[in-house]
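Chemist: Here are the chains, one letter per residue:
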Amino acid sequence: MKRVYAKEEYCVGCRVCEVHCIVAHSDYKNDIVKAFKKQNPRPLPRILVEENRPISFALQCRHCEDAPCTKACITGAMQKDPETGVVTNEESRCVGCWTCILACPYGAISRNEQGKKVASKCDLCSDLGYTPACVKNCPNNALVFEER
Amino acid sequence: MSLDLLTPEFLIERDRNRCIDCQVCVRQCANEAHSFDAEEEKVVSKDEKCVACQRCVVMCPTHALSIRRFPLEFRENALWTGRTIKDIYKQAATGGILSTGMGNDKPYPIYWDHMLLNASQVTNPSIDPLREPMELKTFIGRKPEKLEFKEGKLITKLPPRMELDVPILFSAMSFGSISLNAHKSLARASQQEGTFWNTGEGGLHKDLYQYGGNTIVQVASGRFGVDPEYLNAGAAIEIKIGQGAKPGIGGHLPGEKVNWEVSETRMIPEGTDAISPAPHHDIYSIEDLHQLIFSLKEATNYKKPVGVKIAAVHNVAAIASGIARAGADFITIDGFRGGTGSAPLRTRDSVGIPIELALAAVDTRLRDEGIRGLVSIISASSIRNSSDVVKAIALGADAVYIGTAALISLGCHMCQKCNTGKCNWGIATQDPNLTKRLNPEIGAERAANLIRAWKHEIKEMLGGMGINALESLRGNRLMLRGVWLSDRDLNILGIKAAGE
Amino acid sequence: MLLREGEIRIPSGCAISGIMNKKGQVFSGEDIIKSIALMHDRSNGLGGGFAAYGIYPEYAEHYAFHMFYDDVTAKEDVEHFFHLNFVVDGSDRVPTRKVKGIGSGPEVWRYFVKPKEEKLSELELSEDDFVARLVFEINDTIPGAFVVSSGKNMGAFKAVGYPEDVGEYYKLEEYKAYIWTAHGRFPTNTPGWWGGAHPFTLLDWSIVHNGEISSYGANKRYLEMFGYKLALQTDTEAITYCFDLLLRQHKVPLEVAVTALAAPFWSDIARMPEDQREAVTAIRNLYGPLLLNGPFSIILGSRKGMMALNDRVKLRSLVAATKGDFLYVSSEESGIREICPDPDTVWAPKGGEPVIGLLEGEETL
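Residue numbers (the numbering used here), protein chains in the order written: chain C, 3 to 150; chain H, 3 to 502; chain L, 4 to 368.
Everything labelled a hint here was simulated from the structure, so no lab data went into it. Since the model is a prediction, treat every value here as computed from it, not as a measurement. Just so you know, even glycine gets a beta-carbon here, dropped at the ideal spot from N, CA and C. Heads up, some of the hints might be wrong.
What the hints assert, rightly or not - A short, non-exhaustive set of chain H residues, derived as facing chain C with CB atoms under 8 Å:
id: 1; residue: 30
id: 2; residue: 64
id: 3; residue: 250
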């Protein structure tokens with residue numbers, strides 16, 4: 003399947019990917035300013051730039067073939083779509099037990115405690131039906147969306 | 003510490019209605035002009051740190067930033083301008099030489115903009131490059147006086163030469179002054195577009211030997227990075243005598259820019275200043291140059307053209323003639339607007355002459371002496387666009403070097419701070435946090451795009467003139483007319499006035 | 004005041020025509036006049052002329068100088084100059100008749116001369132180089148004098164007017180030549196100077212030409228490096244010197260000269276066999292400044308034959324035909340059929356592909 007890959011050598015640590023991830027998962031998908039200023043609580047970025055300068059790269063869910071998070075999930079909220087391979091968390095079923103976070107070998111799932119406690123993770127912008135927002139907006143082509 | 007008399011040069015304007023305090027600007031500014039005030043939970047800026055490189059403006063996801071000139075005005079004075087006054091403050095504070103980056107920015111006349119091109123009407127047809135062949139192939143190298151044939155077969159052997167698909171090369175910019183990613187971008191773009199890039203005087207990084215077929219290796223007074231392997235790695239060798247931005251002085255690379263990779267490539271200890279001597283200490287006269295040219299030819303088995311680069315100075319025509327006679331295969335003339343990674347401000351702004359006049363004078367002189375056909379001339383400095391290229395070739399250049407324009411294609415915003423090593427665009431820096439900002443895949447594509455775009459435009463202009471091969475434009479000064487030039491200027495340029 | 008050739012560059016369109024007999028049989032000028040007269044519309048009455056080879060068999064080894072004089076002083080100066088440098092074995096006024104279409108012009112004189120031996124040894128020059136040098140010197144330094152032609156056993160006849168009137172004016176029906184070339188001119192303004200008409204000549208070379216060369220500035224400045232003075236600022240003059248440089252001075256084969264002047268495209272060169280590719284690449288590399296860029300069709304005449312050539316993308320018309328020992332070339336097929344209604348072969352040569360007619364026994368022009 004197509005996944006997002008980071009090219010560490012070209013990641014400039016600007017975190018524009020995080021900004022656009024937030025926007026893509028807000029109610030204002032075409033308006034960054036509103037997504038940040040109007041939506042409360044503001045969505046969490048599902049991609050996180052890890053850095054130890056000069057090294058930096060953006061990390062998000064790897065959508066593992068044999069995803070440990072789906073096995074660990076106690077409610078069945080975390081599922082891997084058999085067709086697309088995308089691993090998503092169905093937030094209405096998620097109870098915020100954080101077992102998935104324990105199971106994830108990449109640390110790609112984070113806690114969202116802004117309202118109902120839910121696990122927050124990359125969904126490859128499946129809703130948008132195009133290249134994930136982080137990849138589309140990376141200013142230095144340090145993120146690519148491809149089959150490997 | 004006494005009071006610093008300097009006031010900010012630029013004003014950072016932040017539209018608070020648009021700013022989302024995402025801190026992209028904070029992370030992108032190597033000059034630390036932006037910071038996050040955790041207490042206030044908002045991003046703030048310090049105007050005095052800003053150099054107007056515009057990295058933050060371009061990167062800001064909400065376009066909340068803009069930079070303008072700081073509105074503070076000195077009392078109006080035609081002689082003592084704000085810039086003049088501030089230069090004195092700086093020197094009074096430091097006791098040092100004023101240093102700067104990029105080329106001369108003073109409002110001297112730009113002769114390119116006083117020359118206009120011709121086009122065909124009625125008496126001969128213009129040629130449509132979309133429908134008919136249009137040839138830009140260019141050879142750089144020495145040529146014999148004539149060809150000899152025996153029983154119809156060519157018996158003259160031509161000396162080694164560079165073959166270009168387009169008459170534009172990337173000028174010498176050393177690894178050290180610019181980043182490895184910048185070098186990679188130019189090397190790949192050269193390979194893609196069938197032209198050449200120039201290592202500058204800092205040696206050739208081992209990762210770039212694979213682009214040797216499109217590389218001109220430079221030998222300058224510091225001899226940085228020069229060994230037999232290096233000399234043989236390129237397609238041609240250029241001896242750098244002088245540079246347009248700083249005629250009469252050598253290169254300056256501050257120790258901060260000499261990291262282990264630069265150190266290995268330059269063959270000097272890490273962290274040491276790389277200051278090239280002003281002259282080559284084995285060239286105190288023209289006959290010495292002759293010896294160096296032939297030493298280099300000897301070292302490369304006469305398989306590579308060897309050229310000589312000089313700054314355009316007052317006596318440039320006679321010097322160029324001497325260089326041609328000393329055995330150089332090509333002569334590079336670098337005008338006083340040429341760029342640099344670092345130069346003393348006063349030298350940059352006041353030494354040398356405009357390339358347009360220098361080029362015309364050299365071409366005329368070599369023709370008067372009947373030796374123009376034997377050597378190639380590469381014109382360097384202040385080529386901004388394809389029509390400048392066309393005008394340079396009509397004045398007599400075989401090809402042109404572009405440096406500043408190439409860097410702009412990679413993202414340079416002309417802030418003139420190359421000498422600080424804090425290039426926010428990842429070009430004129432060795433800071434690993436910054437160099438990774440220039441992705442050579444993107445850089446190569448953009449530099450190649452620029453060459454390709456200019457190539458198309460050159461073809462359009464050539465076709466308009468009814469010419470379908472570049473050699474018919476070379477030195478064809480009838481294709482140029484001057485506007486707003488004195489008789490003396492016209493005379494030196496060897497062109498007629500518009501309307502004549 | 005209008006400037007004449009040499010003071011200003013004047014573009015012009017034209018008609019050209021040429022006839023040769025490969026066996027060297029001479030024939031009168033009537034046919035060439037008929038041919039060029041048919042293409043009357045391609046000229047505008049501002050210039051016409053002819054070159055003829057084989058017309059002075061009694062002076063075959065002499066340089067035949069055709070001269071224009073604007074005044075008596077010019078004539079005296081030139082004749083003094085001739086006597087200093089040449090042995091003059093004959094001279095007379097070129098015979099003319101009054102023709103309605105030809106206005107008043109210069110005095111036209113001819114001289115049959117040989118360079119003085121002592122001058123040649125003094126300057127260490129070949130006869131041709133010496134004569135060429137003097138031609139430049141006369142045109143350059145003697146006001147009111149112009150060398151119309153200077154070759155052996157040949158001559159050029161030209162004037163301001165339609166070419167058929169020029170032929171009548173010079174009584175060309177009375178001359179017999181084995182090669183005739185002709186030119187009718189359509190310049191874009193009215194210089195009204197006889198010297199500016201075609202053909203242009205130097206030594207044995209004559210050129211009639213239709214076109215305007217965009218590369219003129221590049222060609223001119225390259226030729227100047229070899230001592231040529233482009234006094235007239237015309238394409239025709241430049242083309243003549245291009246051939247003179249390549250064929251006479253550099254002694255390259257004719258096909259090499261053609262390759263230089265009407266070079267094949269790089270895309271075609273890439274497909275040539277290696278030997279040829281290397282040679283053509285060298286020719287373009289070295290002689291690129293001589294490439295004639297822009298529209299032209301020319302007929303180059305010499306004692307040994309003639310050659311017609313188009314620019315490399317054929318931006319001007321040119322037709323060739325043969326009949327027995329005769330070769331015809333003309334701007335239009337009608338110009339050939341007018342005098343040879345039933346040719347053996349007729350074809351339109353491709354751009355850059357020369358039509359070469361050599362006298363029997365000759366290998367090059």
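Chemist: Does each hint fit the structure? Answer for all of them.
Modeler: Evaluation of the provided hints:
no. : hint : in the structure
1   : 30   : holds, 6 Å
2   : 64   : holds, 5 Å
3   : 250  : violated, 38 Å
Figure legend: structure checked against the earlier numbered hints; the only hint not met is number 3.
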